[in-house]
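Protein chains in written order, with numbering that gives the first Met the number 0: chain W, 0 to 64; chain S, 0 to 416.
A portion of the hints provided could be inaccurate.
[Unchecked claim] Simulated DEER-style distance windows between Cβ atoms:
| no. | chain 1 | residue 1 | chain 2 | residue 2 | range |
| --- | --- | --- | --- | --- | --- |
| 1 | S | L124 | W | K48 | 34 to 40 Å |
| 2 | S | E311 | W | A11 | 53 to 59 Å |
| 3 | S | E140 | W | K7 | 38 to 44 Å |
[Unchecked claim] Capping the alpha-carbon separation at 20 Å, the derived lysine to aspartate or glutamate pairs in EDC-like fashion look like this:
| no. | chain 1 | residue 1 | chain 2 | residue 2 |
| --- | --- | --- | --- | --- |
| 4 | S | K293 | W | E14 |
| 5 | S | K293 | W | E17 |
| 6 | W | K48 | S | D285 |
| 7 | W | K7 | S | E86 |
| 8 | S | K350 | S | E361 |
| 9 | W | K48 | S | D141 |
| 10 | S | K96 | S | E107 |
| 11 | W | K7 | S | D219 |
| 12 | S | K293 | W | D32 |
These are computed hints drawn from the structure, not numbers from a lab.
Built from N, CA and C at the ideal position, the CB exists for glycine as well.
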Amino acid sequence: MAKKTDIKNYEAAMEELEEILRSLESNELKIDDLTKNAKRATELVEYCKNKLRSTSEELNKIMES
Amino acid sequence: MDVIDCVENHLSLKEFLQNVKSVLSKSFASSYWISAEISEIRENANGHCYLELIEKNENSQSIIEAKIRAIIYSNYYGMIKIFFQNETGSELKVGMKILVKVTLSYSEIYGLSCSILSIDPTFTLGDLAKRRRETIRQLKEDGIWEMNSSLPLGVPTQRIAVISSATAAGYGDFCNQLENNKYGFCFCYKLFPSIVQGDKAVSSIISALHSIFDEIDNFDVVVLIRGGGATTDLLAFDDYDLASEVAQFPLPIITGIGHERDESVVDMVAHTRCKTPTAVATFLIDTMLNLETKVLSVGQEIMFRLSNITTEYNQILDKKLLLIKQNIAQRLLQEEVAIERSMLHIRSLIKQKMSDELHRLELKENTLTYLSPHRLMSMGYSFATKNGKVIRSSKELKSGDEIETFFMDNSVTSIVK
């Protein structure tokens with residue numbers, strides 16, 4: 000499961016994904032980091048999918064106020 | 000004298016006003032088309048419509064230069080009302096400019112008034128269009144025309160402030176559509192109830208916007224919807240004040256006002272215009288879907304590239320491995336050839352050596368054969384021994400020594416003299 004604690008928000012997750020893609024496109028990525036990046040990308044995608052579907056505390060808050 | 004004169008020759012108020020009426024009815028016998036602005040309007044229970052018509056100073060809207068009461072009798076009003084509404088999409092209301100056919104009537108009790116017989120809605124339409132153009136021009140001049148539409152949509156757009164009438168069917172459609180979206184996206188919305196049609200719509204919607212502003216951090220987007228009502232009165236959405244508030248609102252506003260005719264000014268300044276509340280919900284769902292599609296495609300692209308890189312490096316490794324193997328094989332072959340060559344060399348050297356040795360041996364053998372005693376003796380040489388030792392010099396001998404002389408076939412013993 001994705002660690003949600005170190006992902007700030009959807010936008011940040013998306014930016015990080017694009018950053019990974021950029022570094023891949025420009026061949027900046029070290030071979031030693033490939034697995035790490037693959038794992039991270041999966042985490043980020045999972046986080047974003049969840050974010051679009053689950054009701055977070057933040058969302059519940061607007062109904063209380 | 001004056002006083003007596005007055006007393007004898009005066010008119011009663013009624014007589015005087017009857018005179019006025021008589022002159023007026025002669026002078027203004029026919030009907031007239033007049034243009035005016037409605038400053039008051041109310042329908043009575045008896046079906047008559049009472050208005051106050053005014054004309055303002057061209058330069059200063061606060062100066063009223065003409066004013067008269069008007070009435071549309073119920074036998075005209077029913078028809079005029081429907082005709083006007085069909086043509087303009089709006090009811091007669093305060094602030095509207097109208098072109099009406101009137102007759103002047105005068106009552107000794109109520110004074111001057113007009114009786115409206117007919118109306119030309121194209122005049123009002125023209126005026127509304129002119130005002131609309133004016134509103135648009137003003138908003139552009141204010142520099143706020145594109146303010147809301149240039150705001151980025153939140154990522155994601157999940158927290159929605161809804162301005163709608165709580166009881167509108169359109170609101171129900173909107174909620175239903177959002178909650179039952181087939182992708183399972185989660186939305187959270189809060190209703191800010193508002194009147195969305197009629198005279199109070201402008202102030203009511205503006206006040207709803209202010210309420211949303213007070214808790215703006217809780218929302219990503221504002222939705223302004225209207226629908227389900229029978230009336231098509233949309234003048235509020237061309238209002239400058241409302242359009243100005245919408246344009247400057249710091250969150251994107253999506254409209255679903257639901258009407259057939261050209262889009263309203265509020266639609267134009269809003270972030271996104273949808274036709275109906277349902278269409279707004281669809282837009283929000285599609286926005287989420289686009290977001291997710293983007294995330295998934297970036298994720299796939301990353302995985303694709305990662306696997307490409309892995310494949311690429313595997314290929315490089317394979318190539319290197321192959322090169323190493325080829326190198327080793329090459330080296331081994333070279334070594335084998337070298338060994339083979341060495342072996343040949345060694346073999347030929349040995350052969351050479353052996354043949355040399357053989358040759359030497361033959362020479363020696365020849366020498367030996369040449370020098371052998373047997374051969375010499377056969378040629379007539381003989382040798383003598385004293386006490387078993389070969390005598391090499393005569394000095395070794397003295398008289399009386401016994402010596403043995405050897406020949407090819409045998410030996411003889413003799414005494415030295």
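Exercise for the section: Could you work out which earlier hints the structure fails to respect and list their numbers in ascending sequence? Expected result: Hints 1, 2, 7, 9, 10 and 12 are the ones this structure does not satisfy, whereas the remaining hints hold.
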